[in-house]
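Undergrad: As given, the protein sequences belong to chains R and G, one line each in that order.
Heads up: the first sequence begins at 1 in this note's numbering, then just goes up one per residue.
Heads up: the second sequence begins at 1 in this note's numbering, then just goes up one per residue.
FYI, nobody ran anything at the bench for these hints, they're computed from the structure.
Being a predicted model, the structure only gives us computed values, none of them experimental.
Just so you know, nobody snuck in bad clues.
20 Å max Cα-Cα, derived SDA-like pairs, lysine to any residue: (1) R:Lys267 - G:Leu11; (2) R:Lys267 - G:Ser9; (3) R:Lys267 - G:Ser8; (4) R:Lys267 - G:Leu32; (5) R:Lys79 - R:Arg32; (6) R:Lys267 - G:His12.
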Amino acid sequence: MTLSELAQAELRTRLRGVGLKLACGPFNYRIRSPIGAIADGLRLLYADYRIPAESEFIDFTVNIERSGGLRRFWRPQVKFAYDGTYPFVPMQLDHAFPLLEWAMNWCISSQADHFLMLHSAVIERNGGAVIMPAPPGSGKSTLCAGLVCRGWRLLSDELALLSFTDGWITPLARPISLKNESLDVIRKFSPDAVLNQVTHHTTKGSVSHMKVPTAHLARVAQRARPRWVIFPKYVPGANARLTPRSKAQSLLSLGGNSFNYGVLGLKGFEQLSELVSQCDCYDFEYSQLEQAVAVFDALAQELVA
Amino acid sequence: MTWRLNPSSGLHWRCWDDEWVVFDQGSGQTHLMNPVTAAALMQFDAQCLSFEQLLDKVAADMSVTSNSELASALSLAVEQLVGLGLLESARG
Numbered sequence: 001m002t003l004s005e006l007a008q009a010e011l012r013t014r015l016r017g018v019g020l021k022l023a024c025g026p027f028n029y030r031i032r033s034p035i036g037a038i039a040d041g042l043r044l045l046y047a048d049y050r051i052p053a054e055s056e057f058i059d060f061t062v063n064i065e066r067s068g069g070l071r072r073f074w075r076p077q078v079k080f081a082y083d084g085t086y087p088f089v090p091m092q093l094d095h096a097f098p099l100l101e102w103a104m105n106w107c108i109s110s111q112a113d114h115f116l117m118l119h120s121a122v123i124e125r126n127g128g129a130v131i132m133p134a135p136p137g138s139g140k141s142t143l144c145a146g147l148v149c150r151g152w153r154l155l156s157d158e159l160a161l162l163s164f165t166d167g168w169i170t171p172l173a174r175p176i177s178l179k180n181e182s183l184d185v186i187r188k189f190s191p192d193a194v195l196n197q198v199t200h201h202t203t204k205g206s207v208s209h210m211k212v213p214t215a216h217l218a219r220v221a222q223r224a225r226p227r228w229v230i231f232p233k234y235v236p237g238a239n240a241r242l243t244p245r246s247k248a249q250s251l252l253s254l255g256g257n258s259f260n261y262g263v264l265g266l267k268g269f270e271q272l273s274e275l276v277s278q279c280d281c282y283d284f285e286y287s288q289l290e291q292a293v294a295v296f297d298a299l300a301q302e303l304v305a
Numbered sequence: 001m002t003w004r005l006n007p008s009s010g011l012h013w014r015c016w017d018d019e020w021v022v023f024d025q026g027s028g029q030t031h032l033m034n035p036v037t038a039a040a041l042m043q044f045d046a047q048c049l050s051f052e053q054l055l056d057k058v059a060a061d062m063s064v065t066s067n068s069e070l071a072s073a074l075s076l077a078v079e080q081l082v083g084l085g086l087l088e089s090a091r092g
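Given the sequences, and given the hints that come with them, work out the whole structure.
TA: As structure tokens, this is what we get:
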């Protein structure tokens, strides 16, 4: 059963009561919230996600609540509650849906230490996955969204989950976070892309999320083998260009971008060493998405040849 | 003066082209090293060395002449390794 098969009233009833169960890649969430924007956002962006059976284990329970007291009446706020704690500071009420997305990311990045977790987008084509780590503002999510709109399969726009057994990457396939200028860039680049309503004045500026194509969700159980590590950077006016990057430098940068490299010790070092050994590593500058797609498509074509 | 490997360290090496990366299990830190610094650190495995002894060993290991240029590079390398907590004075 998928979320789209739930009636609107049933969706809201579950969110206000026992919680809506939702499968995202290898994790099952229970989401509770009385806030309408949460229900609307889930219905739009998560329509094709599976609802786990009653007997399935729930990994994370996410509560998105209204703040109490005077805050109910004066500049109402929303907060994320997890296991009796409040990991984030409260936000204004209309930030509820982005807060849910950030909370869902936090659940994984703070606890899923059975993976090596890199703060990175991951896409795949022809059986080869590209890991794209980059700091905020580098154009990572914009590039990821553009490539997904042109046929690259989305594994994640935020979290690369590497197996300690074989180094393959497990997909999450959650909506792609876009912000500020990227919103118009993607709307123009792919008018068919489905974006949630824009939330303004967040800590990241104006943000929205792009729906994952249904065909990608159908393959969410298919892991992918990492083939390239590419550090993207949006440079105004630059022609799309790949430049080889040393594996040693790449390892250090990936470690710095990881959510749990520091706590994994030797196990993390060995896994990261294996990753850079088996991947071609590049820096990538771009300003135009069409050019960027052509460069990435040429890489993927190498696998076919 | 002589130096030795920090006894709490546990070094794990990887090399790609001429760049070395070492993971220190004692501190959990990962360090990128050039060939001279890597060669210097590797000489300290299970022994204390003076600077002169280190210079001779590194020169032999890298098949180069022991000259002032290498001595200068090694001096800098030892300073860096002490700063990273990987080497310490053997007197203590």
